[in-house]
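Engineer: Residue numbers (the working numbering), protein chains in the order written: chain V, 1 to 279; chain U, 1 to 316.
Any given hint might turn out to be false.
[Claimed, not checked] Below 20 Å or equal to it, Euclidean Cα-Cα: the simulated EDC-like pairs (lysine to aspartate or glutamate) are:
hint: 1; chain 1: V; residue 1: K268; chain 2: U; residue 2: E119
hint: 2; chain 1: V; residue 1: K13; chain 2: U; residue 2: D121
hint: 3; chain 1: U; residue 1: K31; chain 2: V; residue 2: E44
hint: 4; chain 1: V; residue 1: K268; chain 2: U; residue 2: D121
hint: 5; chain 1: V; residue 1: K13; chain 2: U; residue 2: D218
hint: 6; chain 1: U; residue 1: K205; chain 2: U; residue 2: E119
hint: 7; chain 1: U; residue 1: K73; chain 2: U; residue 2: D86
hint: 8; chain 1: U; residue 1: K230; chain 2: U; residue 2: E119
[Unchecked claim] Chain V is nowhere near these chain U residues, computed Cβ spacing over 12 Å in every case:
hint: 9; residue: H34
hint: 10; residue: L47
hint: 11; residue: T88
hint: 12; residue: N122
hint: 13; residue: L165
hint: 14; residue: E213
hint: 15; residue: K230
hint: 16; residue: S231
hint: 17; residue: T278
hint: 18; residue: G280
hint: 19; residue: A287
[Unchecked claim] Simulated coverage check for chain V against chain U, where a stretch passes if three residues somewhere in it have a Cβ under 8 Å from a Cβ of chain U:
hint: 20; stretch: 37-43
hint: 21; stretch: 266-272
These are calculated hints, taken from the structure and not from any lab test.
Remember, it's a predicted structure, so these values are computed and weren't measured experimentally.
Idealized CB from N, CA, C, for every residue including glycine.
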Amino acid sequence: MTARLSDARFWTKLQPVVTTIGVLVLIGIPLWLVVVTAGKSQGEALNPDLSLPSHWQLFGNLREVWVQGEVPAAFFGSLLIVVPTVAGVLTFGSMAAWVLARRATRLNAALYALGISGIVLPPAVVTVVLLLRQLGLAGSAVGMIGVYMGIYLSTVIFFVTGFVRTIPVSLEEAAQIDGAGPFTVFRRIVLPLLRPALATATILICLYVWNDVFYAFFVVGGRLDTLPLNLFRVASAGLYLNNWHLIFAYVVLMSLPLIAVLAVAQRKIIAGITSGAVK
Amino acid sequence: MSTAERTLVVERPAARPAPRPSARPSSTYGKRTHPMWFLVPAFAILLVFFFLPTLFNFVYAFTDWSGFKGSIKPVGLDNFTQLASDGTLLRAVRVTLVYAVLVAVFQNVFGFALAVLLERDNRLNRLARIFFLIPVLMSALAVGYVFQALLKPHGSLNELIGAVLGRTFDYAWLGDTTWSIVVVALIHAWKWMGLSMLIYLAGLKTVPEDILEAARIDGASRWRTFWVVKSPLLAPAVTFNVATALLGSMNGFDVVQATTGGGPARTTEILNIFIYRTFGQGLFAQATAMSLVLFLLVAFLAFPVIRTLRKREEIL
Chain V
1 MTARLSDARF
11 WTKLQPVVTT
21 IGVLVLIGIP
31 LWLVVVTAGK
41 SQGEALNPDL
51 SLPSHWQLFG
61 NLREVWVQGE
71 VPAAFFGSLL
81 IVVPTVAGVL
91 TFGSMAAWVL
101 ARRATRLNAA
111 LYALGISGIV
121 LPPAVVTVVL
131 LLRQLGLAGS
141 AVGMIGVYMG
151 IYLSTVIFFV
161 TGFVRTIPVS
171 LEEAAQIDGA
181 GPFTVFRRIV
191 LPLLRPALAT
201 ATILICLYVW
211 NDVFYAFFVV
221 GGRLDTLPLN
231 LFRVASAGLY
241 LNNWHLIFAY
251 VVLMSLPLIA
261 VLAVAQRKII
271 AGITSGAVK
Chain U
1 MSTAERTLVV
11 ERPAARPAPR
21 PSARPSSTYG
31 KRTHPMWFLV
41 PAFAILLVFF
51 FLPTLFNFVY
61 AFTDWSGFKG
71 SIKPVGLDNF
81 TQLASDGTLL
91 RAVRVTLVYA
101 VLVAVFQNVF
111 GFALAVLLER
121 DNRLNRLARI
131 FFLIPVLMSA
141 LAVGYVFQAL
151 LKPHGSLNEL
161 IGAVLGRTFD
171 YAWLGDTTWS
181 IVVVALIHAW
191 KWMGLSMLIY
201 LAGLKTVPED
211 ILEAARIDGA
221 SRWRTFWVVK
231 SPLLAPAVTF
241 NVATALLGSM
251 NGFDVVQATT
261 GGGPARTTEI
271 LNIFIYRTFG
281 QGLFAQATAM
291 SLVLFLLVAF
301 LAFPVIRTLR
311 KREEIL
């Protein structure tokens with residue numbers, strides 16, 4: 001008994017030490033490397049290491065990649081794609097999920113299986129380019145938004161259908177008795193109740209789309225600027241010229257908005273990711 | 001004759017609801033309150049941007065579609081026999097599977113260890129969790145470049161190891177034809193371990209306090225309580241994490257592209273890297289053929305996964 005107690009006490013003492021060292025080594029070292037390298041001159045950054053720059057020129061480097069990586073255009077390109085994609089998948093996905101969850105017919109079971117198949121099945125990236133060309137949407141933001149929506153609707157349908165089933169039907173029936181049509185019931189009653197599931201889906205889809213470079217290569221590569229596409233361009237040129245200071249300056253610029261969001265809304269993000277994922 | 005035809009015509013609209021007569025009262029109710037047109041926008045988008053391209057995959061993989069010719073002609077299995085004959089097909093599939101399994105194992109082991117380490121809710125642990133979420137939010141491409149710099153033969157990791165060993169150490173972590181795939185999988189797992197951690201933490205929170213209390217009263221050690229009481233209750237979290245890590249990394253691209261680009265000697269060339277490279281060369285049919293291989297590979301592995309996910313749905 002006493003042995004076990006002291007065992008527990010030992011772990012209570014040790015745990016903060018292990019945690020601190022873990023954070024410093026696993027997260028601290030890579031982030032430190034990014035920041036100090038982004039602050040160096042080209043000569044000093046030739047072989048990136050953990051030493052401090054002899055004199056900081058972080059802002060100079062940031063200014064240089066701001067121009068070279070066309071950051072404003074890329075930032076707005078990313079926003080132009082992420083915002084309609086997320087709004088679209090949330091609206092259309094939860095509309096479909098609501099009906100799929102409430103009307104248990106054999107047809108709907110089949111439609112549900114089809115609807116969530118995209119969670120696991122990989123999109124056909126090569127032929128989608130051909131299809132977009134036939135539709136006249138090749139290289140356009142609309143085409144890119146459509147492709148992302150096609151990929152991530154499944155995620156919304158999956159999370160929201162599961163969630164709708166936990167909401168009692170009586171809440172909807174009360175409004176129906178008052179004469180509310182399906183659209184009013186959906187918008188006024190159901191949608192507000194879906195917030196936890198929609199929060200989860202929003203966070204995950206924002207992350208995927210904001211950081212995606214693979215699908216963007218195929219659909220809008222060279223036609224539209226997004227932050228990851230321009231990072232790839234800066235880095236490809238940078239690796240060739242050994243411009244590690246510029247690559248990491250771009251990494252800093254690109255990660256700052258996300259880290260700012262995380263710092264402000266960490267509680268909501270953590271709750272959002274976990275509430276919908278594991279029930 | 002004509003009367004019979006007419007009755008048929010007249011009867012047809014009335015025959016529509018017949019397929020599910022037993023559910024008729026509730027289905028007319030459902031039709032009014034939950035109309036099927038709510039499904040239309042979502043499924044129209046899925047059809048055009050997801051199912052149709054997938055269908056195209058099954059067609060254009062058997063053609064000579066390329067960037068160098070104006071016309072597209074069917075060529076049967078030529079693309080596949082060509083990819084199989086020089087060993088590309090088998091190697092790419094093997095590399096993809098090895099990569100996916102390694103990522104799934106590493107990501108879950110790291111995520112689980114972090115969740116256990118940071119289980120208690122105090123200020124230090126909450127702060128540490130936020131730090132482990134930073135890589136999850138970062139672009140995978142950026143993560144790849146960071147580790148490319150860190151793992152250079154004369155990079156910081158080797159410098160640190162050299163300082164510990166007291167001699168120069170210049171192992172090329174990303175230039176080893178045998179072990180680089182393990183290193184890249186570790187980097188991929190590093191990026192996503194924070195997400196697995198959160199999901200395991202949420203799973204640990206669902207363990208009811210009274211069960212733990214009962215185990216404590218029965219004199220179970222912490223170790224035994226953990227393995228016998230807690231870990232079985234984490235099953236849903238394990239399912240979710242393993243499935244997403246496995247299938248997500250089969251469809252991976254960014255981390256590999258930014259660290260090795262498929263090298264050395266194509267030993268880390270997963271299917272999507274191959275597809276990207278051949279597409280860039282204008283060999284669209286070969287890229288499509290590999291895209292079809294990826295689709296079939298994931299579909300084959302995904303069926304058991306979907307079944308498990310849907311079972312979880314039913315429990316809800």
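Engineer: Going through the earlier hints one by one, which of them does the structure break, listed in rising order?
Structural biologist: 3, 5, 7, 9, 10, 12, 17, 18, 19, 20
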